[in-house]
Amino acid sequence: GDSVTQMEGPVTLSEEAFLTINCTYTATGYPSLFWYVQYPGEGLQLLLKATKADDKGSNKGFEATYRKETTSFHLEKGSVQVSDSAVYFCALSEPSSASKIIFGSGTRLSIRP
Amino acid sequence: GAVVSQHPSWVICKSGTSVKIECRSLDFQATTMFWYRQFPKQSLMLMATSNEGSKATYEQGVEKDKFLINHASLTLSTLTVTSAHPEDSSFYICSAIAGGVETQYFGPGTRLLVL
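So the sequences go chain by chain: A and B.
In terms of this note's numbering, the first sequence opens at residue 1 and continues consecutively.
In terms of this note's numbering, the second sequence opens at residue 1 and continues consecutively.
Keep in mind the hints are simulated off the structure, nothing from the lab.
A portion of the hints provided could be inaccurate.
Derived pair list, reagent style DMTMM-like, types lysine to aspartate or glutamate, alpha-carbon separation capped at 20 Å [stated by the list, open to error]:
(1) A/K100 to B/E63
(2) B/K41 to A/E8
(3) A/K100 to B/E52
(4) B/K41 to A/D2
(5) A/K100 to A/D2
(6) A/K100 to B/E87
(7) A/K52 to B/E102
Values in this document were obtained by computation on a predicted structure and should not be read as measured data.
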């Protein structure tokens, strides 16, 4: 079945450092790919998404490119801030069941001032 | 944006008791709500999908008599863990969809500890 694998955390970086959180997926069809973020004490929020190969999703300085050849959707940010500290979830959904989301295990990110 | 709340945020109970968790959409009508379960360092796993006014659809391997879901109104869904046991200890998260919109809005989660 479909699955999502993302790098284990926690990831600790200094402010203004470059961030990469790796995510790879396994899917039978052509899924949509997502990154969700969960800030402390809050619900998961959609950060960005891409619906087809080579699409780039971006939001709040974060980017991720849908790479079909490597089945990857790595999250990147050029200069992280303390306020980016959160748990990040990579996820996918198949077109045939768009409301069913399959999540990765989450990566906790901590940014030091 | 749309807000989903959960209550309680955490609960501790004795083995054998039942626990009810509420999920509310605060500023929109949720035609569909989802319940997820998350174990430490693992993915969110979809447990069931509920549509207002109809029976929930459970994922394979989820006991419907153990995890009772009621979606009686367009703003409220409840998950009742019946006769809870220590292995039911987990983080339970709900999400909701407004009619015709694909985006799921998530609640902050409820941590359950069964002693």
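Query - Ascending list of hint numbers which this structure does not respect - result: 6
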